[in-house]
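Going line by line, the protein sequences match chains A and B. Take the first sequence: its position 124, counted from the start at 1, is 124 in my numbering, and no numbers get skipped. Start counting at 1 in the second sequence, then tack on 1000, and there's your number in my numbering.
Watch out, some of these pointers could steer you wrong.
The calculated DSBU-like cross-link candidates involving lysine-lysine, where the alpha carbons are at most 35 Å apart (straight line), are [stated by the list, open to error]:
1. Lys1088/B <-> Lys25/A
2. Lys48/A <-> Lys94/A
3. Lys94/A <-> Lys1048/B
Examples of chain A residues lying across from chain B (beta carbon under 8 Å, computed) [to be verified]:
4. Ser36
5. Glu40
6. His47
7. Trp70
Read the hints as simulated data drawn from the structure, not as lab findings. Yeah, the Cβ is synthetic: ideal placement off N, Cα and C, and Gly gets one too.
Number of protein chains: 2
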Amino acid sequence: METYSRHIISELSGCNSDYLEDTDKIREIIINAAISANAEVREVAVHKFSPQGVSGVVVIAESHLSIHTWPEVGYAAIDIFTCGTTTKPQEACKYLAEQLEADEIYQTEIKRGIPGQNGRFFHQKANESRSVGGVSQPR
Amino acid sequence: METYSRHIISELSGCNSDYLEDTDKIREIIINAAISANAEVREVAVHKFSPQGVSGVVVIAESHLSIHTWPEVGYAAIDIFTCGTTTKPQEACKYLAEQLEADEIYQTEIKRGIPGQNGRFFHQKANESRSVGGVSQPR
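Extracted from the complex, chain A is given alone in its bound form (with noise of 0.2 Å):
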């Protein structure tokens, strides 16, 4: 299996708090980012904490994508975890932040499992962006 994978972390702004707060919605489109991504989805963990919030958890083949929001100043953070060359990502990230209506999208990709010397790994930052209604800003 190759060890190859890419790593996107977003911090999504400006989103809908009702969507942030609803479990049934969250485990919806964490399964379907997954399966945007042409990601298999394997399990799946949501929790609601008190007084609120939630974190949601999809385990994909090697991989795995997050979600843990803040439904009371509209902030959502993403991580989505893929493995191999199959994978898209970056579908995943644009579908949630399209479904959770995000204004603004601040993202790094890093690449992970880079194969170094003498059989050890590392990972390096592939690209950053910031998007504001879909549209690049500077960083």
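Assemble chain B onto chain A, guided by the hints.
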């Protein structure tokens, strides 16, 4: 609930391959790693892949800890995302590296959920390290 979170990304190399293939071992150590970080475990999902490899995720309060393993090359990709100031994600990483007998840890810490202008959130690299046999090395 405070949005500020710490996210530790680690590549563990030179791990004990038998452990990386052992679903029960992985389940046990990710739960104990979360506890060592002073976090409360809410959900656990572990999945074994064919022909090799295990993925495990622990959902903790507004946070998560994940592992993906490649036993054939002694490699594990670790993510520890913790919210607030009472958890100690570095402890969890250290614990996992010890339990898996990793001889190299390649690590980056990212500050997540940093409040910016106009109610927007961003992230920022906090520090990076590489250690071999517990001794700090240049990256």
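Query raised in the report: Of the hints stated earlier, which fail here?
Result: Numbers 4, 5 - these are the hints that the structure violates, sorted from lowest upward.
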